[in-house]
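Undergrad: In case you want the letters, here they are:
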Amino acid sequence: MKRFNLQSLIGPNSATIIFFVLSMVVIPSILPNNYWQSIFSTTGVYVMLALGLNIVAGFTGLLDLSYIAFFGIGSYTFAFLCSSHFGIHLPFLVALPICALTAMASGFLLGLTSIRLRGDYLAIVTLAFAQIFRLLLLNLDAPVNITGGVNGIYAFDMINIFSLKVITPENYSSLIWTCALLVFIVSFRLKNSRIGRGWNAIREDELAANTIGINTTRMKLYSFASGALIAGFSGAVFASFQDSVFPNSFGFQQLVIVYCMVIIGGLGNIYGVIAGAVILTVLPEFLREYGGLRMMIYGVVLVSIMAIRPQGLFSAIPGFTRFIKRPDKDETGKLRASTDLYYSQKNDETDKVKYTKQADTLLKIRNISLNFGGLKAIDDLDFDLHKNEILSIIGPNGAGKSTLFNIISGIYQSDHGKVIYRDKDISFFKPHMVAKAGIARTFQNLRLFNELSVIDNIKISRFCRTKAFFFSAILNLKLNKQEEKQTDEKAKEILNMFGQRLTGYRYHQKVSHLSYANRRRVEIARAMATDPQILLLDEPSAGMNPQETLEITKFIKKLRDYYGYTILVIEHKLNLVKAVSDRVIVIDHGKKICEGSYDNVAENPLVVEAYLGKKGKKGNEK
Amino acid sequence: MEDILGQLAQQAVNGITIGGVYALIAIGYTMVYGVLSMLNFAHGEIYMVGGFVGWWVLQIFSVNHVPVMNAALLISFMIVLSMGISALLGFLIERIAYRPLRNAPRMNLLLSSFGVSIFIQNFVLYFQGAKVKVFHISHLIPEGLRVFHIGGVVISFMRILVIVTCFICMVVLTLIIKKTNIGKSIRATAQDIEAAAFMGINTDKIIVIVFLIGSALGGAAGILVSLLFTQVDYYVGFQAGIKGFTAAVLGGIGSIPGAMAGGILLGLCEAMAVTFFPSAYKDVVAFVILIAVLIFRPQGLMGEKIREKV
Amino acid sequence: MKRVIILLLAMFFVFVGQTVLANDVSKGISVGNAGSFTGDAAAPCMEIFNSSQLAVDEWNARGGINGVQIKHVMGDDALDPAQGINVARKFTSDKTMYGVVGPPVSHIAQASLKIYGQSNLACITTAASKPELTESGYKHFFRVNARNDAHGWNSALFIKNNLKAKKVAILNEKVAYCENMAQQTIKGLKKLGITDVMRDTIVAGSKDYSSVLTKVKAYKPDVLFFIATTAPDQAIGVRQAKELGIDAIFFGTEGARDKKDFIEASEGAAQGAYVYHFGPDIYSIKEAENYVKKYEDKYGSLSGFGPPAYEAMNILLTAIDMAAKDGEISRKEVISKLAAIKDYKGILGFPVSFDEKGDLLGGATYFFKVNGKDFEQVAVLTGK
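Same order as they appear, the protein sequences are chains R, Y and V.
Sequential numbering of the first sequence, starting at 0, is according to numbering that gives the first Met the number 0.
Sequential numbering of the second sequence, starting at 0, is according to numbering that gives the first Met the number 0.
Sequential numbering of the third sequence, starting at 0, is according to numbering that gives the first Met the number 0.
Among the hints, a few may not be true.
What the hints assert, rightly or not - From chain Y, some residues computed to sit far from chain R (all C-beta separations above 12 Å):
#1 40
#2 100
#3 102
#4 182
#5 275
#6 282
#7 283
Said to hold, decoys possible - If you want a taste of the chain Y side facing chain R, the calculated C-beta under 10 Å gives, among others:
#8 95
#9 103
#10 179
Said to hold, decoys possible - So the derived label-pair ranges between C-beta atoms look like this:
#11 163(Y) with 361(V): 43 to 49 Å
#12 96(R) with 159(Y): 57 to 63 Å
#13 57(V) with 79(Y): 45 to 51 Å
#14 203(Y) with 370(R): 36 to 42 Å
Worth flagging that the hints you see were computed from the coordinates, not collected in a lab.
Just so it is clear, CB atoms sit at the ideal spot from N, CA and C, and this is done for glycine as well.
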């Protein structure tokens, strides 16, 4: 277990720190001349810049093409604050945070306008912003000279940190790499915090992230702003190092280069991104003498890397990615077979019945209707869900069952009617608010975070029950430590409920490597981890074999009997419905056609008609 | 007042000409986006190559800037050959840079297209030099037909040629998309590539056709603009690409009529903007319009709204 | 994790190892050529590089300097000041480098001025004409072209006195040189009492100036001063102005004094247009015949940017040659020899000397009118 504890360590490990310290102390002293010193410093700037972009594009998966503009905002703010251009001469340590915050604020504002746009549209709008920014830099020298136009702004104040003067290239490289170390630690800690997990969830599946309680709009905005903050920070350092700023440094080409660094390193992979930044800054210097050929080589390299290693150069080189254990061995190295794990745990006390259906209502569905165009998907539906009840909803395909779930969980807004949860109207709630209120759901066609590990999928669900914010996560304050510990324990506890099918080595397996049935289980576990009162299970046994169906049937029952969840389940397999349900509701064409115990419902002629068609219809037609 | 109106009329002519060209470029973006959901940033370079091909044709078939054959024939030949070679280039790009990435994340495709763009641009720079290539067109147009005056508005022969050719290209494309089997297959593939494959459409072939058509139109745009402005160099692709792309998004990316409308609208807006703002803000105006449209109507002017299936 | 460190360190050592440089002075003489060999300004910059290369080749053919063959190193900044600084650092850290031709772009020269200055590496620019460059006190910076303030004032004089204009439209490209030139000219025009001036900008290489020219047409100026860097852009300018029926006199900048890319390329539209230049026509100078022939044979057609580069390289090598006479050489020595150059007679048609700031002494502005297929010199102004 030691190893896993180590992996969930909150900070970067010592070896990496050593690398950075080495970068700061040893490398500057062995570099042959000023030219290489400056390349070394530039590399540090690009490392920061790439790490910042990695937060936006890598962690969160946002295609932000205005990133370079925030870099520019940082640079120009520095130029305004620390030169004789406006006659303002702030000390470096004051100016630096202002630059970073200005960039962040711009990122925030820009995000507000465009963050709701999806995928490529976000890319396009941000690209347009970046172009406008550059044009403004170029043209805001008249009628009042603000940006200096094409001439840029130059000759900044000398950096003076507590009477330590930064003059020589060695000074600069130490300063820059210290900043880079800072950015590295911040991004590392963010990655392994609840915030980072939230971002990852958004990258993998935005809707699913939303339904487990992540306010995706807000988190995307945070991501955007964090990226901008780091960009602004590196921008200020860059400006001071270059001792001048020009619009041309913030153009499309530079953006492409930073993107290349991140993608070649592997999106989200911090070490890879650093390596990518180092290579792409140093390599072109060797090609400088070749002029036109240089860029041609660059293009070819880019295309071939994308074709040969689409997941980035460093995705599977040992040390650059997390070490993945052989899945067929456990902690002790013993080979294991997963088939009879479930039965090894069979007779534990969880078979006891602690909860049964109660009289008070938890969820009331009142006369809801929803139209898609002309089609009535839900038509005046009305029912109650009692506390600790298992209520099944059945009906033919297209009857509106999943639509009902979508309305309850806030993905769709109903046209009429109300959803009332514990006497509170939640019909206008967004999905993350519904989750936070205590209603969790699974999806019929599995919406897991496929590229993440099993345990991370579960941990993400703790997002809405934890509070650690940026400060706490970055500084690893007590709150964060506590919550991380609890999150880890809770996640393992929940996974353990599935009879060790998802435990041990499986914790760190990618979800996409699991069997279909196991993925269904992870999806249920993920819903459970949000601490819900009500579980909405959308066809939990779909794609399972009879043995597994039997197992999941028992498990659903146990969820209520022992753990006390209230469950609303959509299911087609009637023996499952029969085994678990306290009550069954049948809907067809969005209407409730009957309600009652399984046996009552099964005999109802309307239900038979809905499933099998009208009796004797064929005969009549003859 | 009359001055302003006269100026606006002239700007409208300027805007429609360049707008038609934007539309041709935008169609390439929009068609590729339709089938592959990717932004093909290398498209601008195809446009540039189209211009260069035209220049070489003119160079080879004229002696001391005097064409050795009938001028109309030569111009048609330039356009056709530019379209052909651009189409071939589009085909090659698809094969080499995009097909291996069919299942990769979209960001990779985007970067790959950046790579292609950088390569082609610098390839041309290396082998054709940085110097501008000049088209000597005065012998292509009969003396009396060079400029027309309609009221206070001046229209040159080349502008008419550009507008007419753009129009023909768009009509032919619309006919292909609407009336032929290939057009049907393209529309099906754009709607749902997997479903189209299940229906027996060879989607790989359709993607190739889309690249061929899009690139041919991009090449046509390249040669038309080169003839109009009489110059081409290795760097023209970038700006044209950004503009075409903006036009495509403006009209609703994925929608061919949208691309046409978006192109012309963009051209007009830019030309009109110059009348009222310093011309340096021309592009700012274009991008602000783009952002406004996307924020209030994310699917673009003519795109379809898509509801995500849960 | 250890492997990562080893990998990264190894990478660094490999990179570093390759660039251990010669410290021995007599081991070699190299000269740099800083410029934007890729990107927007690639065409004029390549002409500069090729011309310098011609000069270096000639020196090497003659046996080099003190028997040492001269190495000509390209430093591409891709029109990006940040990269320009890298180039400067690269050149200054090359211990065998004694001088640099360039940078030709004003704002990049501005960005890297300090770095070259700190290590006393002589720079001769052939095109950067922003006045501030030689006003900052550095001694290493020379130019063989006149400054914008001189040209601007002379052009204003020319517009008023020779072209008799009362209403002037000025279009300038958004680059440092053109911006500055426009400002200087407007300043001059104001001084001369011409205040009816319209000013707008153009984007280099965008090839379509019709919308801004439409605006100019509505303004009805007497003279259209079209300030762009390169000849092709001005050819388009004059062509589209004619096409739109603008009857103002077209007045172009030094870049336009190019028979092939301006007169020929505009196919008759340039007839009657004026341009200014910092030197007399290169084709009319006897001393330049050899150079022009060599250049055109090897690299194709020539615009205005090549000859000063050829001249600058020759001057630089002459200075290095003088500094190396005694077998010992230092960068400071090269700078002092450069400053001492008096009346160097090369191919530009006028003797080159530098003043104490490093500016070309007595830079005059030559004005030409397009007549048929050639330029006809109509005036030489020296600020009076």
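Undergrad: Each hint needs a verdict: does it hold in this structure or not?
TA: Verification of the supplied hints:
no. : hint                           : result
1   : 40                             : violated (9 Å)
2   : 100                            : violated (6 Å)
3   : 102                            : violated (9 Å)
4   : 182                            : holds (24 Å)
5   : 275                            : holds (15 Å)
6   : 282                            : violated (6 Å)
7   : 283                            : violated (5 Å)
8   : 95                             : holds (7 Å)
9   : 103                            : holds (4 Å)
10  : 179                            : violated (29 Å)
11  : 163(Y) with 361(V): 43 to 49 Å : violated (56 Å)
12  : 96(R) with 159(Y): 57 to 63 Å  : holds (59 Å)
13  : 57(V) with 79(Y): 45 to 51 Å   : holds (47 Å)
14  : 203(Y) with 370(R): 36 to 42 Å : holds (39 Å)
The structure fails to meet hints 1, 2, 3, 6, 7, 10 and 11 from the earlier list, while all remaining hints are met.
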